[in-house]
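Number of protein chains: 4
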Amino acid sequence: MGNIVIYEKRPDLRDPVLIEGLPGVGNVGKMAADHLAEKLNAERFANVFSRYFPPHVTLDSDCVAHLACNELYHASVGERDLIFLLGNHQGITAEGQFDLAEEIVDIAASFSVSKIFTLGGYGIGTVVEGPRVLGAVSSVSMKHEIEKHGVTFIPGEPNAGIAGASGLILGISRVKGIDAACLMGETSGYFVDPKSSGALLRVLMSILDLNVDTEELDERSRQMDEFNSKIKEMTEDQSKGHLGYIG
Amino acid sequence: MGNIVIYEKRPDLRDPVLIEGLPGVGNVGKMAADHLAEKLNAERFANVFSRYFPPHVTLDSDCVAHLACNELYHASVGERDLIFLLGNHQGITAEGQFDLAEEIVDIAASFSVSKIFTLGGYGIGTVVEGPRVLGAVSSVSMKHEIEKHGVTFIPGEPNAGIAGASGLILGISRVKGIDAACLMGETSGYFVDPKSSGALLRVLMSILDLNVDTEELDERSRQMDEFNSKIKEMTEDQSKGHLGYIG
Amino acid sequence: MGNIVIYEKRPDLRDPVLIEGLPGVGNVGKMAADHLAEKLNAERFANVFSRYFPPHVTLDSDCVAHLACNELYHASVGERDLIFLLGNHQGITAEGQFDLAEEIVDIAASFSVSKIFTLGGYGIGTVVEGPRVLGAVSSVSMKHEIEKHGVTFIPGEPNAGIAGASGLILGISRVKGIDAACLMGETSGYFVDPKSSGALLRVLMSILDLNVDTEELDERSRQMDEFNSKIKEMTEDQSKGHLGYIG
Amino acid sequence: MGNIVIYEKRPDLRDPVLIEGLPGVGNVGKMAADHLAEKLNAERFANVFSRYFPPHVTLDSDCVAHLACNELYHASVGERDLIFLLGNHQGITAEGQFDLAEEIVDIAASFSVSKIFTLGGYGIGTVVEGPRVLGAVSSVSMKHEIEKHGVTFIPGEPNAGIAGASGLILGISRVKGIDAACLMGETSGYFVDPKSSGALLRVLMSILDLNVDTEELDERSRQMDEFNSKIKEMTEDQSKGHLGYIG
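Going line by line, the protein sequences match chains A, B, C and D. Take 1 as the starting number for the first sequence in the working numbering and just add one per residue. Take 1001 as the starting number for the second sequence in the working numbering and just add one per residue. Take 2001 as the starting number for the third sequence in the working numbering and just add one per residue. Take 3001 as the starting number for the fourth sequence in the working numbering and just add one per residue.
Warning: the hint list may mix true and false statements.
Stated by the list, open to error - Derived lysine-lysine pairs resembling DSSO-like cross-links, with alpha carbons at most 30 Å apart:
| id | chain 1 | residue 1 | chain 2 | residue 2 |
| --- | --- | --- | --- | --- |
| 1 | B | Lys-1176 | A | Lys-9 |
| 2 | C | Lys-2143 | B | Lys-1009 |
| 3 | D | Lys-3009 | A | Lys-143 |
Claimed, not checked - Chain C regions said to be covered by chain D (calculated; three or more residues, Cβ under 8 Å):
| id | region |
| --- | --- |
| 4 | 2053-2059 |
| 5 | 2062-2069 |
Hints in this document: simulated from the structure, not taken from any laboratory. Backbone N, C-alpha and C define an ideal beta-carbon position, used for all residues, glycine too.
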C-alpha cells in the first residue's frame, strides 16, 4: 500500500481544472473548496488511500469504518469540468507529502487538466478585517492572468514559503509543465476563518467565471465577527474597570 | 525483507473466516482469539515476518531464537474453516502498520475468505462491571447481520477511531471489497481484562455459531474481580480510618 | 544505494562458516572476531555499503576517505574456509538493521555456508570474574552440537531477547533454513571487555576445532584486572578512612 | 518522486570536472562554488528534485514557486568543462543524503567526469587569521596531485569525519572508482566566512589551473575583519573600564 487510488468511476471531463482544498491554516482553503463542491453538487469519483495518512479508521453514524483518505469529486460548470481534491488529511511525513502531491499531479495530468488551483490560508498573526487573497504561481503568465481577478502578489511572499499539499502540488505542477497557482486567504492563523474562505472563494469564482451562493460562509463569518466584538468589549470593560479600581 | 510470509503448508480451506487477535488495549482481542484458537486445536500454517516488527529475536525454553512475527493458524468448525491471525507484535511505525495490514488482507483474499473479524478492546477509563461489545463494520448490511448477536453500535463511536491492526485490517478490507467487522470489548484500559475478553468471545461465538468452553477466561475474570474488591475494601477502610483520626 | 556490495574478488570457499563480529555490548563479539581474523591472516574480499549506516566518511592516516561499511574477509583453516563479517557499524534504524541482516544471510547463502555464528556480549550489570559463554540457536540440534564445547544455555535467556545484527542474522538464518548460533560472552556492559572476548573466542575455537594464540586479549584482560583491583582498593581505602573519621 | 532530474538541456562536455558547493559549515564551500560559477558565466542545465528535500516551495520576486532543489551548471575553461552542483538544500534525512549523493555521482559518471571536488568548511571553534585548506581524498595519488597546490593534509583529520554531501559524494565516488577530493577551508564555524571561502577558491583555482577575480569575496572578508576588530576593541574597552571601576 504505497498509494491506492480507487476509482468509483472514471468520468469523461471537458477541459478540467483541479481545485485542491485540504486542511491547513485556518482551514481557509478546505472550507472554500468544500463549499464550492457542495454548491455545484460535485460527485465523488475516486478515493486516494496512502500509508502516509494516519494509521487508523474513523466511523460514521452507521459505525461504518473509513480509512483516512483524500477524495476526488467532479462537477460541470458550463463548457467545462472541475475536479476537487477534498479530505481531512495530509501526509504525516515529509516523504509522504511529496508522494501524495506527485500522485495528485499525475492523476490531474491523466485527465489533461489545463490548470491547477491550490487553496490555503496565509497566517499573519493578527485578526484581519478585510482579508486579501495572495497568490503564488507556476509562471509569470499565470500571474498576469489571475492578477486582474483581485489576487495580490507581494514579491517573495510568503517569505517562509508554502508548506504541505498546497505548496508541493504547485511546485510539482511547475516541474511537470502544468499551469498552477496557489491562492491564500489572509487569516489570523488562530481560528477557523470563514471570512477569509469567502474572500478566497469569490476570487476563485471570478477566475473560473462562475458564481455560487456564499451565504453559509458569510453567515458564519458574521457570527464570528459578533463573537469577536463581544470578546473585545469584555476585554475593554475589564481593562477600564481595572484602571478605575487602581485610581 | 519487506515482508516475508513463510508457509509451513498451504491448507485447503472451506469458506474461511479470518479472526485477528493481536495485542492491544487490555489485550482483550488477543486473549479472546488465543483462547478460541487453542480450544479449537488450531494449527499454524504460516509465519509473517517484517522489517516493521521490533529488530530483535526472543528465545524459547530451548534457547531457540524467534524473530518477532505474526502467525496464521487454521481450524475446522462444522462446514467451514477459521483462520486466526495471532502474535505478540504490531508494526512499530505507521507505514509498517499499513504494510502489514495490507499483507494480511491480501493473504485473506488469496484464501477467498468470506468475512474478517478483528478483535480489540475499547478503553473507557473506568472499571466496567458488565462490559458491552461494540462494533464497527465495513458496511451497513454487516451491521445488521451482527447486531442481533449482541453487538452494540453507538453512532460515530469510538470517536477517536480505531488505531492499529484492528482498524487498518477493517479499513483495508472495506477498500478491497471484503466484508469485515471490528468487535471491541469495553475495558478500563488499565489492566489486562479477561472479563471483557470473555464477553467478546461469547459474542463472536454467537456470530460464528460455535461454542467452546470459556472456563479459563471466566476463572481469571473471577480472580480479578476478587482482587479488585479487596483493593476497594482496603481503600475504603483507609479512608474511614483517616476520617476517624481527624474526628 | 539500498545496499551496495562490492566484491574485490569472489573467492572459492570450501564448506564455509560465517562468523559475525560487529560492535555491540562490551565489544565482546567484535574483539573476538577481529582477533581471530587477524591471527588467521584473513583477507578482505568484499565491502557492504548501505544507506542505513551513518551518513559520513572517516579518514585514514593518508586522509583517504572511507564510507561507513561492513567488510567480509575469508581465511582457510584445514579443510574448510571461514568468512568473517567485521566492521565498525550497525544499521542506524530498525528497518536498516533488518535490511543489512538479510543482505548478509543472502550473501552467506550464495557461498553455501553450512553454519553461521554471531558473536556478542551479554550484559549483566556487574563485573564478572569468570565469564560464561551463553548460547542461542536456530534449532535444538544446533544446541546439542555446541553445548559440549562449553556453551551455557539458560532457558529463555537473554530474557530481553537479542537485539541488532547478532540477533537478526540468527533469526533470519533460521527463517531461511541455515544452521546458526549466537554466542554471547558475559560482561558487565560498562567497559570494553577483553576477558569476556577471550572466553568467547576459546569456545568458538573449540566448536570450529581450531587454535590461535590469544595472548593479546589475555594481556589486555590482565591489565584491566589490575586496573579494576586498584580502583577497588582505592574505593575501600576511602570507605575505611571515611568510617574512621566518623568514629 | 524518489528523485526527479529534469534536464533543460544535456550539454556535450569535454573532460569535465564536477565541483560540489552545497550549504555547510560557514557556507565556505557554497560561497566559493557560487562565486566561481558566476565568474565563469556558468549555465544551468539540470535541476535535481527529491522527496528528501524540505516539503515546501519558496517564492521568487514574481511569486513564482520553486520546489527545493539542487542545480547543475556547466562552464567552459580552456580545453575542458566544469560542472557545478549548487543549491540551498541538503537531504533532510540520513537516507536522503545517501540517496542524493549517489544520484549526483551517477550523473557525474554519465558525463564521464575525470574528477570530483567537494567543497566545505572545517570548523575549529575559534576565529582563524590565515585559514588553511585541508584535504581528504579518494586515493593516495589524488593526495599527491593536490598537495602541491597548497592543500594541507593532517593524518586522520577531520577526526569526526566529513558529514553530508561533501563527505558522501567523496566516499561514493571512491566506491565507484572516480577520483575525488574534498577541500575544506578552516573556519570558526560561527559565522558565514568569506575569507575561508577565498582561500579555498584560490587553492581550487590552482588545482584546476584557472583564474577568476575574487574581489567580492575579498571585500566581504575585509568588512568582516573590520567588524571583528571593532567587536574586539569594544570588548577590551569594556574589560579595562570594568577593571578601572573596581580599582
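Outcome of the hint check:
1. Between Lys-1176 of chain B and Lys-9 of chain A the CA atoms are separated by roughly 15 Å; this keeps the pair inside 30 Å, and the hint holds.
2. For the proposed pair Lys-2143 of chain C and Lys-1009 of chain B, the alpha carbon gap of about 26 Å is at most 30 Å, so the pair holds.
3. Our distance criterion of 30 Å between C-alpha atoms is met by Lys-3009 of chain D and Lys-143 of chain A, whose separation comes to about 26 Å.
4. Only when three residues or more bring their CB closer than 8 Å to a CB of chain D does the claim for the region 2053-2059 of chain C stand; here the count is 6, and the claim holds.
5. With 6 residues bearing a CB less than 8 Å from a CB of chain D, the region 2062-2069 of chain C meets the requirement of three and the coverage assertion stands.
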